[in-house]
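Visitor: To convert a position in the sequence shown, counted from 1, into our numbering, add 48.
Hints were generated in silico from the structure; no laboratory data involved.
You may find that some hints are simply not true.
[Stated by the list, open to error] Think about it this way: if two alpha-carbon atoms lie no more than 27 Å apart in a straight line, the pair counts; the simulated DSSO-like pairs of lysine-lysine are:
1. 276 with 145
2. 310 with 210
3. 222 with 315
4. 222 with 310
5. 166 with 276
6. 210 with 145
7. 461 with 83
8. 356 with 55
9. 462 with 196
10. 83 with 462
11. 410 with 377
12. 276 with 471
13. 62 with 196
14. 410 with 297
15. 227 with 55
16. 196 with 336
17. 83 with 356
18. 302 with 315
19. 222 with 336
20. 310 with 276
21. 166 with 134
Since we're looking at a predicted model, the values are computed, not measured.
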Amino acid sequence: MAFEINKFNVVKKKRLETSGFNVECNVATESEIDKILSVCHSATAENAEVLNGEVNYSGNIDVCILYSTVDGEIGTLNATCPFVSKFEDTAIQVGDKVGIDVNVEDCTVDSVANSNIKLTCACTQSGVLIKCNEVSNVTTGDENICLKEDEIFVNTLVGQAKEVFSVESEVSIKEPVQKVLLCDSQVSVKSVESGVDFVSVGGEVVSRILYLTEKDRFESCYVTENFKEEIELECVTREAISEAVACVKKSAVKCEIEEVEKGVNIKLVVPVEVKVTSYMEISQTVIKDVYSLNNELEVTTESFDMTKKTVGDYFESKIDGNLVLDSDKPRVDKIMFVGGSNLCLTNAYLKNGEVVVEGVTKTNVIYLNDETNSLHSVVIEVPFVVSDKASVDCETADVSAHAILHDVDVVVKKGREFFFDAKIKVHVDYDCEEISAVISKVDLASEYPERDCALELVFASQGQSAWEVAKNLRVSETTILLQNPDLIFPLEKDEGVIVFYQKA
49 MAFEINKFNV
59 VKKKRLETSG
69 FNVECNVATE
79 SEIDKILSVC
89 HSATAENAEV
99 LNGEVNYSGN
109 IDVCILYSTV
119 DGEIGTLNAT
129 CPFVSKFEDT
139 AIQVGDKVGI
149 DVNVEDCTVD
159 SVANSNIKLT
169 CACTQSGVLI
179 KCNEVSNVTT
189 GDENICLKED
199 EIFVNTLVGQ
209 AKEVFSVESE
219 VSIKEPVQKV
229 LLCDSQVSVK
239 SVESGVDFVS
249 VGGEVVSRIL
259 YLTEKDRFES
269 CYVTENFKEE
279 IELECVTREA
289 ISEAVACVKK
299 SAVKCEIEEV
309 EKGVNIKLVV
319 PVEVKVTSYM
329 EISQTVIKDV
339 YSLNNELEVT
349 TESFDMTKKT
359 VGDYFESKID
369 GNLVLDSDKP
379 RVDKIMFVGG
389 SNLCLTNAYL
399 KNGEVVVEGV
409 TKTNVIYLND
419 ETNSLHSVVI
429 EVPFVVSDKA
439 SVDCETADVS
449 AHAILHDVDV
459 VVKKGREFFF
469 DAKIKVHVDY
479 DCEEISAVIS
489 KVDLASEYPE
499 RDCALELVFA
509 SQGQSAWEVA
519 KNLRVSETTI
529 LLQNPDLIFP
539 LEKDEGVIVF
549 YQKA
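Between the sequences and the hints, there should be enough to build the whole structure, so can you do that?
Guide: As structure tokens, then:
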């Protein structure tokens, strides 16, 4: 056989269809609960099994419930609710890799009875399928086949890795503390750099601590701790482009309180899981053009598409909003504390050289009404749009985003109008689609008739290359160049080209 097929791999990302599902959470309690004040939640995807046509995976929803008891005490419950879900798509095949995002869009309290709190979490799942597609590439060592080779750049998958590490932080409070009511930690990725057999991920863990002082005041503070971790991944080089997603293993967060003179030190140990995926652009030799000295050829060209990973961006912004309390709700005489905020991103895209991220934040505010001397809670829902200059020059790039909130502040005016503001930290990744083509198959057809002359003079046109002339005459390019040493290619004008044919 004159031709052989060698194959190379290219990476192709495909968005999995976004869909919704509900998770029922049952949280046991030993307290006599009077009212649920706030529910903070976050979801993570865990183990995924890729089968033909579907991806099955498990996950957890971590919830932190703030409540008041019948005795007027404020308490906290932390629980983890496991769930299973799946994606279905005919494009999914065994061996593919996946990235899965799960967001809790809403959480409702169904009942509080018999030492049990029943919640329903409305979740959305989205994901990306990472495929390594084979592309057929023709090669040959036949001396009667003339090849014009070319170097093209193709995008390939290097691999994936994950690691869990702990980030420790500490904050000093200059007054006695009765108890810590809530500790909510989030992680933000700020930088991703490829090294030799590792990926360096930099970011920060932002923790909000809500506590009750000995003077019965509710206070909160934020503590931020930077980190830089090297994730081992074989075959990565400095030229690779890597992406990283991180999450806090909230059920394993440790909070220790140490009493000191005039206050306390609060120490946090926050387990963080980072998953990295690396991509590489490599050079691949392919046949750009081909012809035979002896036979007609039937040439098949195959186009293919692939995903090019580009360096992501990180930026910070501000969001704000307001809410007017319904007339049937008790007026606000004092904001006691902000129970927590839940963030859900709904869209991310490029527009006019900027990356735009849209979402909704829901913040639980607990306030006091003097008339009834009772606590009430309200949810401030703030849609937002933030943007920043994008570093990518591919306007049609697919954008994926992750974000966290910090420095959340809520004030009230005239007892009914809430004003909300916060800072948001956003990390975005970009994927660009590229299309290329190769000669994927060549078959020998009929033989050329035997030549009936030993010499031929042909007229070649201005601009023709030696390759083009040789292909038309069915001789090698070397033959044209050796037998016409005075000609310069590409031809500057119409010229006569002479060819001596060797007798077999």
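Visitor: Now look at each hint and say whether the structure bears it out.
Guide: Tested hints:
| no. | hint | result |
| --- | --- | --- |
| 1 | 276 with 145 | holds, 26 Å |
| 2 | 310 with 210 | violated, 42 Å |
| 3 | 222 with 315 | holds, 14 Å |
| 4 | 222 with 310 | holds, 6 Å |
| 5 | 166 with 276 | violated, 39 Å |
| 6 | 210 with 145 | holds, 13 Å |
| 7 | 461 with 83 | holds, 25 Å |
| 8 | 356 with 55 | holds, 19 Å |
| 9 | 462 with 196 | violated, 79 Å |
| 10 | 83 with 462 | holds, 25 Å |
| 11 | 410 with 377 | holds, 18 Å |
| 12 | 276 with 471 | holds, 22 Å |
| 13 | 62 with 196 | violated, 33 Å |
| 14 | 410 with 297 | holds, 22 Å |
| 15 | 227 with 55 | violated, 63 Å |
| 16 | 196 with 336 | holds, 6 Å |
| 17 | 83 with 356 | violated, 51 Å |
| 18 | 302 with 315 | holds, 8 Å |
| 19 | 222 with 336 | violated, 73 Å |
| 20 | 310 with 276 | violated, 34 Å |
| 21 | 166 with 134 | holds, 24 Å |
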